[in-house]
Amino acid sequence: MDHFPTNWGRPRNELHDQYNTYPIHQRPSQPKDVFGEGVQRTQQPIVTGTSVLAIKFKDGIMMAADNLASYGSLARFKDIQRLHPVGTSTIIGASGDMSDFQYLQHTLDELMVDEFTNGDGHELGPAEVHEYLSRVMYGRRSKLNPLWNSLLVGGLQDGKPFLAYVDLLGTTYSASSIATGYGSYIAIPILRAAVDNKENTLTEEDARKLLHECMRVLYYRDARSLDKYQIGIVTSAGVSVSDAIKLETNWDFAEGIRGYGAQTQ
Amino acid sequence: MPDTAHEQPQQRQFYPYTENGGTILAIAGADFTVIAGDTRQSEGYSIQTRYAPKVFRLTERAVLAVNGFAADGNMFVKKVKQRLEWYRHAHAKEMPLRAIARLIQTMLYAQRFFPYYVNNILGGIEEDGSGAVYSFDPVGSYEREACRAAGAASSLVQPFLDNQIYFKNQTPAPGTPHPTYLPLPDVLAIVIDSFTSATERHIEVGDGLEMYVVLAKGRSIEELADVAGVQELTTRADGDRMFVIQRELKKD
Chain R
179 MDHFPTNWGR PRNELHDQYN TYPIHQRPSQ PKDVFGEGVQ RTQQPIVTGT
229 SVLAIKFKDG IMMAADNLAS YGSLARFKDI QRLHPVGTST IIGASGDMSD
279 FQYLQHTLDE LMVDEFTNGD GHELGPAEVH EYLSRVMYGR RSKLNPLWNS
329 LLVGGLQDGK PFLAYVDLLG TTYSASSIAT GYGSYIAIPI LRAAVDNKEN
379 TLTEEDARKL LHECMRVLYY RDARSLDKYQ IGIVTSAGVS VSDAIKLETN
429 WDFAEGIRGY GAQTQ
Chain A
518 MPDTAHEQPQ QRQFYPYTEN GGTILAIAGA DFTVIAGDTR QSEGYSIQTR
568 YAPKVFRLTE RAVLAVNGFA ADGNMFVKKV KQRLEWYRHA HAKEMPLRAI
618 ARLIQTMLYA QRFFPYYVNN ILGGIEEDGS GAVYSFDPVG SYEREACRAA
668 GAASSLVQPF LDNQIYFKNQ TPAPGTPHPT YLPLPDVLAI VIDSFTSATE
718 RHIEVGDGLE MYVVLAKGRS IEELADVAGV QELTTRADGD RMFVIQRELK
768 KD
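Residue numbers (this note's numbering), protein chains in the order written: chain R, 179 to 443; chain A, 518 to 769.
Be a bit skeptical, because a hint or two may be false.
[Stated by the list, open to error] Derived lysine-lysine pairs resembling DSSO-like cross-links, with alpha carbons at most 27 Å apart: (1) R:Lys424 / R:Lys256; (2) A:Lys595 / R:Lys321; (3) R:Lys376 / R:Lys338; (4) A:Lys768 / R:Lys338; (5) R:Lys321 / A:Lys598; (6) A:Lys595 / A:Lys610; (7) A:Lys767 / R:Lys376; (8) R:Lys424 / R:Lys387; (9) R:Lys236 / R:Lys387; (10) A:Lys596 / A:Lys610; (11) R:Lys321 / R:Lys210; (12) R:Lys406 / R:Lys387; (13) R:Lys321 / A:Lys734; (14) A:Lys685 / A:Lys598; (15) R:Lys236 / R:Lys338; (16) R:Lys236 / A:Lys768; (17) R:Lys256 / R:Lys376; (18) R:Lys338 / R:Lys256; (19) R:Lys406 / R:Lys236; (20) A:Lys768 / R:Lys376; (21) A:Lys610 / A:Lys734; (22) R:Lys424 / R:Lys236; (23) R:Lys321 / R:Lys338; (24) R:Lys338 / A:Lys595.
[As the list claims (entries may be wrong)] So these bits of chain A aren't anywhere near chain R, every CB distance computed over 12 Å: (25) Ser563; (26) Ile564; (27) Tyr568; (28) Thr623; (29) Pro691; (30) Pro696; (31) Ala706; (32) Arg736; (33) Ala754.
Calculated directly from the structure, the hints in this document are not laboratory data.
For each residue, glycine too, the CB sits at the ideal point set by N, CA and C.
Use the sequences and the hints to build the structure in full.
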């Protein structure tokens with residue numbers, strides 16, 4: 179129902195329009211966007227990032243993502259950072275569409291500036307950033323115009339490690355180890371075995387080794403991954419994202435594989 | 518081979534829903550209600566987390582269990598809680614259970630053409646002090662019942678409740694009619710058995726069990742005294758009392 183009388187149009191009035199020259203009013207229902215048909219919604223991701231891994235450890239949280247942004251099966255951009263610090267106690271990691279992620283980076287940076295200019299001495303922590311992101315993601319999916327990402331949000335909230343997930347549907351959850359994409363099949367079993375019930379004893383060094391090993395396993399199995407990755411850490415000392423780390427791999431075993439591949443016998 | 522690519526535009530529509538598994542259940546007694554849910558959240562064959570609550574305290578005498586698409590469920594609970602807060606500010610009292618039930622039906626039906634993909638079960642104590650369960654479908658159809666199971670394993674649990682609560686297919690011994698209401702310890706035992714059984718047979722059910730117990734004002738809490746893992750949530754000493762019981766379920 180259109181409640182605005184000005185939009186109802188005029189009925190025919192024989193007094194004013196004896197010969198019915200006045201056309202029956204067309205209701206100006208929606209303002210027409212002349213480029214409307216050219217407007218596209220994200221129906222599929224284009225340039226994509228693969229898995230992100232994250233765990234809690236005794237001093238905070240640690241996150242890992244490789245530096246590749248793929249264009250389908252083409253390894254298109256090999257020096258892309260997929261970990262993004264937000265404020266002084268939060269880090270987000272993104273898989274999925276990289277342009278949607280860059281849009282979110284700008285939105286979040288703007289948000290943090292807005293909050294800073296309040297000058298009240300408060301800063302958004304990971305719980306608030308996660309809530310904000312989940313509202314944005316759920317709002318966009320409800321408009322059938324999603325931001326095509328799976329995001330991990332980690333950090334220190336009131337001195338306690340915080341780790342949570344949100345994706346293009348607005349689905350959220352938190353756990354002591356989370357992974358997106360292929361990582362949720364390949365890395366999660368390894369991470370859960372090492373982290374569950376040991377969140378308060380796992381050292382930074384062990385956490386680093388664990389993620390390194392998972393990134394190596396993923397590089398062996400995930401065809402959209404790269405042997406170059408970064409680690410993000412949030413502790414009481416603050417947020418830091420490491421320089422690129424190289425994975426050492428040994429493919430000699432491939433020679434011994436028989437039954438498929440290039441060789442004929 | 519002729520190129521047929523142009524004949525039909527290829528488009529994969531974005532599908533805004535998913536299923537996140539799990540099961541919820543509520544049983545009303547004469548002067549109490551038990552509302553329970555498992556705590557696993559999954560998508561497909563993956564367990565996302567072993568602890569994501571599906572049962573939420575709304576007021577001091579009302580509890581809502583939400584199951585289906587988790588994102589919709591969380592948003593729906595958030596909106597119901599907000600409406601209840603506005604009601605408190607406007608009327609300086611808690612909304613009665615049957616009014617909450619009608620509110621939920623209205624809120625669900627408002628989304629008739631883009632529904633919340635969730636099954637709701639509302640449990641608590643009515644104004645007359647009786648235990649009550651209201652169950653809803655995703656677009657708001659609702660009724661008051663004595664018990665209801667919903668979610669992934671509802672087809673396993675509901676028939677069990679029909680037999681154990683409604684005494685379907687049971688013949689009473691001559692001269693001893695079936696009781697109208699079961700006592701609290703029996704109900705708790707049925708709830709726990711329902712979830713352990715559902716965990717055995719349904720892959721999306723497990724990890725943890727969270728049971729909310731709402732007791733009518735003045736009722737004895739003796740039966741809860743020796744139950745393991747009880748925690749009291751009551752805020753007002755002279756009103757109805759609320760408890761939550763947490764149990765482990767198998768994690769495989």
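Straight-line Cα separation of Lys767 (chain A) and Lys376 (chain R) no greater than 27 Å? holds (20 Å)
Hey, Lys424 (chain R) versus Lys236 (chain R), does the alpha-carbon distance stay inside 27 Å? Since the Cα atoms of Lys424 (chain R) and Lys236 (chain R) sit roughly 25 Å apart, the hinted pair holds (cutoff 27 Å).
Going by Cβ atoms, does Pro696 (chain A) stay more than 12 Å from chain R at every point? Given a closest Cβ separation of 41 Å, the condition holds.
Going straight from one Cα to the other, do Lys321 (chain R) and Lys734 (chain A) come out at no more than 27 Å? violated (45 Å)
Given as non-interface: Thr623 (chain A), partner chain R, CB spacing beyond 12 Å: Correct as stated: the minimum Cβ-Cβ distance to chain R is 18 Å, above 12 Å.
Exclusion check [Ile564 (chain A) not at the chain R interface, CB over 12 Å]: violated (9 Å)
27 Å limit on alpha-carbon distance, applied to hinted pair Lys376 (chain R) and Lys338 (chain R): Status holds; Cα separation ~15 Å.
Quickly compare the C-alpha distance for Lys768 (chain A) and Lys376 (chain R) to 27 Å and report which way the hint goes. holds (17 Å)
Would you check the hint for Lys406 (chain R) and Lys236 (chain R), treating anything up to 27 Å between C-alpha atoms as holding? Status holds; Cα separation ~26 Å.
Examine each Cβ of chain R, and state whether all of them lie more than 12 Å from the Cβ of Arg736 (chain A). Holds, because the least Cβ-Cβ distance between Arg736 (chain A) and chain R comes to about 36 Å, which exceeds 12 Å.
Hey, Lys595 (chain A) versus Lys321 (chain R), does the alpha-carbon distance stay inside 27 Å? holds (19 Å)
Just to be careful, I want the Cα atoms of Lys406 (chain R) and Lys387 (chain R) compared with a cutoff of 27 Å; is the pair within it? Holds, at roughly 15 Å.
Hints 13, 14, 17, 18, 23, 25, 26 and 27 from the list above are not met by this structure, while the remaining hints are.
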